[in-house]
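Residue numbers (our numbering), protein chains in the order written: chain A, 4 to 315; chain B, 4 to 315; chain C, 1199 to 1454; chain D, 1199 to 1454.
Calculated from the structure, these hints are not laboratory results.
There could be a bad hint or two in this list.
[To be verified] Take a look, some chain C residues computed to stay more than 12 Å from chain B by CB distance:
id: 1; residue: 1235
id: 2; residue: 1236
id: 3; residue: 1272
id: 4; residue: 1278
id: 5; residue: 1279
id: 6; residue: 1291
id: 7; residue: 1329
id: 8; residue: 1355
id: 9; residue: 1403
id: 10; residue: 1422
id: 11; residue: 1424
id: 12; residue: 1429
id: 13; residue: 1436
[Claimed, not checked] Okay, the calculated bits of chain C under chain A, using three or more residues with CB under 8 Å as the criterion:
id: 14; segment: 1249-1258
id: 15; segment: 1308-1316
id: 16; segment: 1342-1350
id: 17; segment: 1396-1402
id: 18; segment: 1412-1418
Beta carbons: idealized from backbone N, C-alpha and C, even for Gly.
If you want the building blocks of each chain, they are given just below.
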Amino acid sequence: MTPEEAAFQDRIDADIKIEPKDWMPDEYRATLVRQIGQHAHSEIVGQLPEGNWITRAPTLERKAILLAKVQDEAGHGLYLYCAAETLGVSRDELTEDLLSGRMKYSSIFNYPTLNWADIGAVGWLVDGAAIMNQVPLQRTSYGPYSRAMIRICKEESFHQRQGYDIMMKMAQGTEAQKKMAQDALNRFWYPSLMMFGPSDKESVHSAQSMAWKIKIDSNDELRQRFVDQTVPQAEYLGLTVPDDKLKWNEERGHYDFSEPDWTEFFNVLKGKGPCNTERMNGRKRAWEDGAWVRDGLMAHAQKRAARKVAAE
Amino acid sequence: MTPEEAAFQDRIDADIKIEPKDWMPDEYRATLVRQIGQHAHSEIVGQLPEGNWITRAPTLERKAILLAKVQDEAGHGLYLYCAAETLGVSRDELTEDLLSGRMKYSSIFNYPTLNWADIGAVGWLVDGAAIMNQVPLQRTSYGPYSRAMIRICKEESFHQRQGYDIMMKMAQGTEAQKKMAQDALNRFWYPSLMMFGPSDKESVHSAQSMAWKIKIDSNDELRQRFVDQTVPQAEYLGLTVPDDKLKWNEERGHYDFSEPDWTEFFNVLKGKGPCNTERMNGRKRAWEDGAWVRDGLMAHAQKRAARKVAAE
Amino acid sequence: MATKDHSADLFEFLLRMGDNTLILGHRVSEWCGHAPVLEEDIALANTALDLIGQTQLWLGLAGEVEGQGRSADDLAFLRDAWDFRNVLLVELPNGDFGQTLMRQFLFDAWQELMLDALKGSSDARVAEIAAKAAKEVAYHVERSGDTVIGLGDGTEESHARMQAALDYLYPYVGEMFESDAVDAAMAQAGIAPDPASLRDAYDAKLAAVMGEATLSTPDDRFTHNGGRTGRMHTEHLGHILTSMQWLQRAYPGASW
Amino acid sequence: MATKDHSADLFEFLLRMGDNTLILGHRVSEWCGHAPVLEEDIALANTALDLIGQTQLWLGLAGEVEGQGRSADDLAFLRDAWDFRNVLLVELPNGDFGQTLMRQFLFDAWQELMLDALKGSSDARVAEIAAKAAKEVAYHVERSGDTVIGLGDGTEESHARMQAALDYLYPYVGEMFESDAVDAAMAQAGIAPDPASLRDAYDAKLAAVMGEATLSTPDDRFTHNGGRTGRMHTEHLGHILTSMQWLQRAYPGASW
């Protein structure tokens, strides 16, 4: 470790935030760009499965809530792209990386939303898992990222409650609604467990990231925490978690549960999830169809600036 | 009148068909091209208001019937373009004329189909009026046109019966269905009357066209015939024709009825009907988006022909 | 408060207000996640959200005035096309981003004037909704106007697209200023202005924005109509309803 | 006839057959009036018509086998997405004309083989429907195959579009050849072939057509699935149903 690296690590160990102008190891910067960028992209792509139900939301109130939520997600994307920009990478560069497939987004958004209860499940399970991941990141070592996470977590927990509220309505509703709720849980349970990533034993980057406080808890710890929190909620809803092996382990003080199908996880990561193609095509189309708008607004801004100079 | 013209007129007066290779006056040819082309375009554009309900047809049977009908209309378009081609104008030329607005299609297709009963009304009233126009044209002087009309009329009367059958179901259905049926009649009555064109008194071309047997009956005669036929059918359905002045005139042996709003007619003709823009945009898009298909198939045909030559 | 004698007309007026915001809100919400730039995704979602919120107020009051126990949701999700009273403009397809923003500006500019007048309504409930909505709409019209200007006076392509959008949409503008017996009753009762009385101010606003945008407003004042009277909507409305009303139609009586 | 013991499986099998033709028929019918050339308008309408006609037969028999009084229309218009049993391939959007025809060919080629086998079904009703449908499908596959060849071996642009269509659609092909307990029961009863048994002939057909079309079939045999078991459809199916089922949902119990 060079003296610079040692000083850097001392600051982190002392819980002093790293700020954009501070020296930092290249690998720290690169890891952060990858992590923040991927998170930002997830917020953007994450609009699509929910957007799929905006035009079919069953009441005006539900439609308004869903719109507000999707708007928040775009806002989160914005915070995160700004945080990434402090590391010297522009939003357009990150977008190009997303569209070319060089950067990823959370695989969960490659699953379809097929009935209205899915919108509840996305809030309850997906946002629930996201919060589980994000809450510790409020204490992450990089200042702008930490501050973005603080803002985001506040809104996310609101979203999670709204999602749970939808599930509650559905679980207490008609037979068809109950069936929708169970169907949603069946389809989103394992993909939600996958959101924490494969077991840390298999993850190469984890140790360094944890030392740098870019990553705070292990994937398995977070997954266990999620299961422990979610199972009683499912029970309260009267829904059945689709796992025969799910059982409270008195000794461990945790639930035992089945691992998700990691083959499926890696397939989805490779682009073979149910919706990868649709999601990427959706984003590509938005970007390509919007080129004339971005160009037009840019040209106008330049004209205005030129006129202003000429007038001075 | 030149001797050629006189001989031509004699043939027509003797009910001998004019065939493609026969001599004919330029104006006869031009009038026929305009009339047949406009009729062909009407069949093509006429697919759109009905197509608007294919994806929403209420039963499998109704969907099948509607598909068969729309398919017939495209087929009619094909017969008519072929008849026009015998006069030396290609289908592509006619299509370009339609898309550039140089040629028209029947204004009735610029009215929207807004509820399922409209599909009944289109069959009953619009096809009904079309048949009224077309039956005499089976005897028109130009052979290919006459033969096309004979084939078309057979199918059209079938369509009209199907339309009336829908109206019957609706008129005998629930309160909402009855209301749909009445609403459809309210909106399609006057546009159907307009299908016969303005009063002959105002039409400059009529006399010559009638002498040439391109036009057989006067617009007003046909309109009266349509009203006389349709009013009892409406009564049988228990529907009210939206005309306060409608009344049986014992002396004339016909119904007295209100003229349609000819200002509206001329507005629609000028492109200001409710759906002119949508219809033309629909056709333009089909044509432009399909260019690569036409080019591709043409290129393939040429390659095949070239290969065949090379193999010989 | 002047409701008793005018309740049928007031109901109709409120449907017109609420159906406008409902259908436009629906259209705008179709953009979700597909805007040309992230800030626009946020702005479009925000606009849709405001419009749906206004719909809740207008249709909520409409149901109250009607007095037959219909909620805002009942009115939104259980009427068929012929019972809708929105102007045709708001039903038209989104087209490209330019067409969507042009439609938005043409509507926002009208809505701003209408709401401003409604703030002085003799019906306190109407005045209250108008006051709340006016704050949101002031922001909408500023934003949509700026975007029309930016794209109109942008590149050659953006200018051409915005001109095409204006040419396509302008023949639907006049309907917002048409008056009928309902409007006369509302005007007489001091509940709402005669829409025709708003046209001059609207034209001035349009001239200013289109001038800056270097766009030509068509001379022809011909207008399509039939939406706000329910006489004849476009074919688009029925398709909107198939999505919008799907769950309520497929699962009648369920609570969401 | 072997129905008694297998009626639940047979019902499921018949839904798979009928939902395939229903959903594909619906998709194809969306083209109405918008094809690149008039002959194609006719051909597409004709294909849709045949598919809807086959749907009436398959779903009609399904309702009969189920024995709960549901008609073909009830099954088509009153089930929600999760009860549909079509393969995902037929739900996918039309895209451009090339994508529509590529999807058609990939389905037609399977359907031809399936129907050919079903003509020898131990269930006379199934055999009869298959015999009728096979005649129509022989024409479909000839036409869609010729079009795939014509556009694949056409211009540079048409070639590129057809290759893109094949790349997009091929990962949905495998689902047509998957087998489960339902298929095993059908095969054992001699009612229907094991779908997997059709794959070799399909691959040969595909190789021949794609060869002539100068298109490259992807090597990867990965397949999306979930449609024919009902485990997980695409997001597209729900949107299809909003249109398809609109009138039956909005006006329950009416007769059309």
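_Status of the stated non-contact between residue 1236 (chain C) and chain B (beta carbon gap over 12 Å)_ = Non-interface label on residue 1236 (chain C) holds, nearest chain B Cβ at 30 Å vs cutoff 12 Å.
*Check whether three or more residues of the segment 1249-1258 of chain C sit with their beta carbon closer than 8 Å to a beta carbon of chain A.*
Satisfied; 5 residues make the cut.
*Is it the case that residue 1235 (chain C) keeps its Cβ farther than 12 Å from each residue Cβ in chain B?*
holds (26 Å)
*Would you say residue 1429 (chain C) is clear of chain B, with no C-beta pair closer than or equal to 12 Å?*
Given that some Cβ of chain B is not farther than 12 Å from that of residue 1429 (chain C), nearest at about 8 Å, it is violated.
*Apply the coverage criterion to the segment 1342-1350 of chain C and chain A: a residue qualifies when its Cβ sits closer than 8 Å to a Cβ of the chain, and three qualifying residues are needed.*
This one holds; 4 residues, not fewer than the three required, reach chain A with a Cβ under 8 Å.
*Minimum Cβ separation between residue 1279 (chain C) and chain B greater than 12 Å?*
violated (6 Å)
*Within the assertion that chain A covers the segment 1308-1316 of chain C, do at least three residues meet a Cβ-to-Cβ distance smaller than 8 Å?*
As far as the segment 1308-1316 of chain C goes, the hint is violated, because 0 residues have Cβ atoms under 8 Å from chain A.
*asked:* Using a Cβ cutoff of 8 Å, are there at least 3 residues of the segment 1412-1418 of chain C near chain A, or does the coverage claim fail?
replied: Contact hint for the segment 1412-1418 of chain C vs chain A: violated, 0 residues under 8 Å.
*Since residue 1278 (chain C) was said not to touch the interface, does its Cβ keep a gap of more than 12 Å from each Cβ of chain B?*
At roughly 7 Å from the nearest Cβ of chain B, residue 1278 (chain C) sits no farther out than 12 Å, so the non-interface label is violated.
*Claimed clearance of chain B by residue 1329 (chain C), with the beta carbon kept past 12 Å*: holds (36 Å)
*Evaluate the condition: distance from the CB of residue 1422 (chain C) to the nearest CB of chain B exceeds 12 Å.*
violated (6 Å)
*Is residue 1436 (chain C) truly not at the interface, in the sense that its beta carbon sits beyond 12 Å from all beta carbons of chain B?*
Residue 1436 (chain C) not clear of chain B: closest Cβ-Cβ about 6 Å, inside 12 Å.
The earlier numbered hints that this structure contradicts are 4, 5, 6, 10, 11, 12, 13, 15, 17 and 18.
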